[in-house]
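> Keeping the supplied structure of chain D fixed, place chain C upon it in accordance with the hints.
Sequence lines, in order, name chains D and C.
Just so we're aligned, residue 828 is where the first sequence starts under the working numbering, counting upward by one.
Just so we're aligned, residue 4 is where the second sequence starts under the working numbering, counting upward by one.
Since the hints were derived computationally from the structure, they do not count as laboratory data.
Just so you know, not all the hints are guaranteed correct.
What the hints assert, rightly or not - Quick list of in silico lysine to any residue cross-link-like pairs, SDA-like style, CA-CA up to 20 angstroms:
{"hint": "1", "chain 1": "D", "residue 1": "K911", "chain 2": "D", "residue 2": "F881"}
{"hint": "2", "chain 1": "D", "residue 1": "K911", "chain 2": "C", "residue 2": "P59"}
{"hint": "3", "chain 1": "C", "residue 1": "K76", "chain 2": "D", "residue 2": "K975"}
{"hint": "4", "chain 1": "D", "residue 1": "K951", "chain 2": "D", "residue 2": "C883"}
{"hint": "5", "chain 1": "D", "residue 1": "K975", "chain 2": "D", "residue 2": "G893"}
{"hint": "6", "chain 1": "D", "residue 1": "K874", "chain 2": "C", "residue 2": "S56"}
{"hint": "7", "chain 1": "D", "residue 1": "K911", "chain 2": "C", "residue 2": "K130"}
Said to hold, decoys possible - Negatives, chain C to chain D, calculated, CB over 10 angstroms:
{"hint": "8", "residue": "V19"}
{"hint": "9", "residue": "K75"}
{"hint": "10", "residue": "E115"}
{"hint": "11", "residue": "Y117"}
{"hint": "12", "residue": "H121"}
Positions of the beta carbon are idealized from the N, C-alpha and C atoms, including for glycine.
Here is how the chains run, residue by residue.
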Amino acid sequence: MILGKKAGEKILSIWWFAVLVFIAAGILSGVFMFYNLEGDVRLLHAKILNEKVFDCIEENGFLVDGWMSADRGLAKKMFREKCKFRASPDVYIRLTIGNSPQELVFGGLSMKEDCKLRLDGKTKLSKYFPQCYEEKRNLIYFKSGERKIIDVEVLVGIKSLGERTGKLK
Amino acid sequence: MKKRGEITLPFLIFLVLTVIFLVILFYFVYAASSGAFIYEQIYAKKIALAIDSSVPETEIFLDVGSALETAKKSKTEPKFIIDDKKGIVFVSLGSRKGFSYPFFSNYSVSSEIYAKTHNLKLVVKEK
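The shape of chain D in the complex, shown without the other chains (with noise of 0.2 angstroms):
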């Protein structure tokens, strides 16, 4: 012990008191660290709206009627209404039918380069990049009564990780 020597004193209760507040900071910010992880759920999200989209649209490997033949703007109502998505920007959904241009798009249609981005998977991105999933399947359908097989692609995105926050909002 240096108790009883002046300068040991000093020394001891400045550098002390350093070391204390360096652990402090290192507990703190520990502590911080690991209550603040976002436990990103996103992708496990994607997939589940996925197969959602999937359940809506097929029944048992065949194309549900009706989608082969609507144009975009009833494919747009048929989805809203029978496969009850509720349109936001914090999801994105394209559902593509075979080679036909006339994707359908829901949601926040600002995500669909950042999926294009991840899906890609080239480039090291942010975790506020939204997170993507895309599932292709080959569907039967019947075109004048002849058997055929479809091409069926959905691609799910979503963006939000949560919030924290004080009240809903």
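This is chain C only, laid out in the frame that chain D set:
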């Protein structure tokens, strides 16, 4: 003249300050680790994903035991608010703020807490 091993006043002040400092530090860490921050986020996301995975006329029972315990520790009423008009789930368990997460299915959703069984019942219906 000071004797070797004698406790001086500055040393005593220093000791008291150190103890106060450590008590405050550990109190903060204990309060932060009550789990409210984490559970609010977990349950908001869990509820939103459960709603989006469901079809109309579904009843979902979620075990919210940990959330209720956390709210009890924080001496606050747990809040599980599901706004089916805006499509937002908001959970507050005693942190100064709560956590909100969106869902995208256009259903009517009602909720009820069963404190005895520690369950949150969600009823998903067609709008």
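> Could you run down the list of hints and mark each one as holding or not?
Comparing the hints with the structure gives:
1. D:K911 x D:F881: Judged against 20 angstroms, a Cα distance of about 13 angstroms means the pair holds.
2. D:K911 x C:P59: 10 angstroms, holds
3. C:K76 x D:K975: 62 angstroms, violated
4. D:K951 x D:C883: Violated, at about 34 angstroms.
5. D:K975 x D:G893: 15 angstroms, holds
6. D:K874 x C:S56: 10 angstroms, holds
7. D:K911 x C:K130: The hint holds at about 9 angstroms.
8. V19: The claim stands: C:V19 keeps its Cβ more than 10 angstroms from every Cβ of chain D (closest is about 12 angstroms).
9. K75: Holds, because the least Cβ-Cβ distance between C:K75 and chain D comes to about 19 angstroms, which exceeds 10 angstroms.
10. E115: At about 18 angstroms from chain D, C:E115 clears the 10 angstroms cut-off, so the statement holds.
11. Y117: 22 angstroms, holds
12. H121: Holds: least Cβ distance 21 angstroms, greater than 10 angstroms.
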